Amino acid sequence: AQSVTQLDSQVPVFEEAPVELRCNYSSSVSVYLFWYVQYPNQGLQLLLKYLSGSTLVESINGFEAEFNKSQTSFHLRKPSVHISDTAEYFCAVTRRGSNSGYALNFGKGTSLLVTP
Amino acid sequence: KAGVTQTPRYLIKTRGQQVTLSCSPISGHRSVSWYQQTPGQGLQFLFEYFSETQRNKGNFPGRFSGRQFSNSRSEMNVSTLELGDSALYLCASSLAGLAGVDTQYFGPGTRLTVL
Numbered sequence: 001a002q003s004v005t006q007l008d009s010q011v012p013v014f015e016e017a018p019v020e021l022r023c024n025y026s027s028s029v030s031v032y033l034f035w036y037v038q039y040p041n042q043g044l045q046l047l048l049k050y051l052s053g054s055t056l057v058e059s060i061n062g063f064e065a066e067f068n069k070s071q072t073s074f075h076l077r078k079p080s081v082h083i084s085d086t087a088e089y090f091c092a093v094t095r096r097g098s099n100s101g102y103a104l105n106f107g108k109g110t111s112l113l114v115t116p
Numbered sequence: 001k002a003g004v005t006q007t008p009r010y011l012i013k014t015r016g017q018q019v020t021l022s023c024s025p026i027s028g029h030r031s032v033s034w035y036q037q038t039p040g041q042g043l044q045f046l047f048e049y050f051s052e053t054q055r056n057k058g059n060f061p062g063r064f065s066g067r068q069f070s071n072s073r074s075e076m077n078v079s080t081l082e083l084g085d086s087a088l089y090l091c092a093s094s095l096a097g098l099a100g101v102d103t104q105y106f107g108p109g110t111r112l113t114v115l
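Residue numbers (this note's numbering), protein chains in the order written: chain A, 1 to 116; chain B, 1 to 115.
Next up, chain A with everything else stripped away, as it sits in the complex (with noise of 0.2 Å):
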């Protein structure tokens, strides 16, 4: 089975700072990563996955995570947030394969609250 720990629940930051989410996966077998952004009231929308080749992923709106399989680690961040940035965030694993369906298993979410 594969897990997910998000290690912050809650990540308070001024508007135009860097911010780093952190997430970290155990899994016995390979694994494609994912994040997910969920705004009030909303549900959840991609912000950005690793499947395979280049470690580093990027999203449309600013945001990238690095895929680390030596520290089985897939943190997010962005060098610069906006207000618009505060949500709840969560990093997400499901084992790879031609068949295996989305069967995802979630963190329990990080909160990120940006402040002028």
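Among the clues, some could well be false.
[Said to hold, decoys possible] With the Cβ distance kept under 7 Å, some of the chain B side facing chain A (calculated, not the full set):
(1) Ser33
(2) Leu43
(3) Glu48
(4) Arg55
(5) Asn56
(6) Leu90
(7) Gly97
(8) Ala99
(9) Gly100
(10) Thr103
(11) Gln104
(12) Phe106
(13) Gly107
(14) Pro108
(15) Gly109
[Unchecked claim] Negatives, chain B to chain A, calculated, CB over 12 Å:
(16) Thr14
(17) Arg15
(18) Gln17
(19) Gln18
(20) Val19
(21) Arg63
(22) Asn71
(23) Arg73
(24) Glu75
(25) Leu112
[Claimed, not checked] List of simulated lysine-lysine pairs, DSS-like, C-alpha gap at most 30 Å:
(26) Lys57/B - Lys49/A
(27) Lys69/A - Lys49/A
(28) Lys108/A - Lys49/A
(29) Lys57/B - Lys69/A
(30) Lys57/B - Lys108/A
(31) Lys13/B - Lys108/A
(32) Lys108/A - Lys69/A
(33) Lys57/B - Lys13/B
Hint data in this document are derived by calculation from the structure and do not stem from the laboratory. Computed from a predicted model, the values in this text were never measured in an experiment. Glycine included, each C-beta is placed from N, C-alpha and C at the ideal position.
Given the coordinates of chain A, work out where chain B should sit on it, guided by the hints.
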């Protein structure tokens, strides 16, 4: 293209009752997954359906069940409701449920409150 829709958005039930939640995936999507979100346990996978067949199942008691219809719409049912079943139930759809290829899109959820 319309997104994933879930009905109803809010639901209040009492202990012992049963409830059925509905999910309409994005047009063309054949895989539907269900998740339960609670403050204590976070997001937990319930089950995934593809072409009317349950393909994956999480660690939930048999009171939680689901099905998928030929048009890919899905329902989940919870029988003999308990207070701990109060949660946001999220549905997600993807083309074929292939995590390495598809993108999974989530609906807004159904907020179930059990009194």
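To see whether the hints hold, each was checked on the structure:
{"no.": "1", "hint": "Ser33", "in the structure": "5 Å, holds"}
{"no.": "2", "hint": "Leu43", "in the structure": "4 Å, holds"}
{"no.": "3", "hint": "Glu48", "in the structure": "5 Å, holds"}
{"no.": "4", "hint": "Arg55", "in the structure": "5 Å, holds"}
{"no.": "5", "hint": "Asn56", "in the structure": "4 Å, holds"}
{"no.": "6", "hint": "Leu90", "in the structure": "6 Å, holds"}
{"no.": "7", "hint": "Gly97", "in the structure": "5 Å, holds"}
{"no.": "8", "hint": "Ala99", "in the structure": "5 Å, holds"}
{"no.": "9", "hint": "Gly100", "in the structure": "5 Å, holds"}
{"no.": "10", "hint": "Thr103", "in the structure": "6 Å, holds"}
{"no.": "11", "hint": "Gln104", "in the structure": "5 Å, holds"}
{"no.": "12", "hint": "Phe106", "in the structure": "4 Å, holds"}
{"no.": "13", "hint": "Gly107", "in the structure": "5 Å, holds"}
{"no.": "14", "hint": "Pro108", "in the structure": "5 Å, holds"}
{"no.": "15", "hint": "Gly109", "in the structure": "6 Å, holds"}
{"no.": "16", "hint": "Thr14", "in the structure": "24 Å, holds"}
{"no.": "17", "hint": "Arg15", "in the structure": "26 Å, holds"}
{"no.": "18", "hint": "Gln17", "in the structure": "25 Å, holds"}
{"no.": "19", "hint": "Gln18", "in the structure": "24 Å, holds"}
{"no.": "20", "hint": "Val19", "in the structure": "19 Å, holds"}
{"no.": "21", "hint": "Arg63", "in the structure": "20 Å, holds"}
{"no.": "22", "hint": "Asn71", "in the structure": "19 Å, holds"}
{"no.": "23", "hint": "Arg73", "in the structure": "17 Å, holds"}
{"no.": "24", "hint": "Glu75", "in the structure": "18 Å, holds"}
{"no.": "25", "hint": "Leu112", "in the structure": "15 Å, holds"}
{"no.": "26", "hint": "Lys57/B - Lys49/A", "in the structure": "23 Å, holds"}
{"no.": "27", "hint": "Lys69/A - Lys49/A", "in the structure": "15 Å, holds"}
{"no.": "28", "hint": "Lys108/A - Lys49/A", "in the structure": "18 Å, holds"}
{"no.": "29", "hint": "Lys57/B - Lys69/A", "in the structure": "27 Å, holds"}
{"no.": "30", "hint": "Lys57/B - Lys108/A", "in the structure": "20 Å, holds"}
{"no.": "31", "hint": "Lys13/B - Lys108/A", "in the structure": "26 Å, holds"}
{"no.": "32", "hint": "Lys108/A - Lys69/A", "in the structure": "21 Å, holds"}
{"no.": "33", "hint": "Lys57/B - Lys13/B", "in the structure": "25 Å, holds"}
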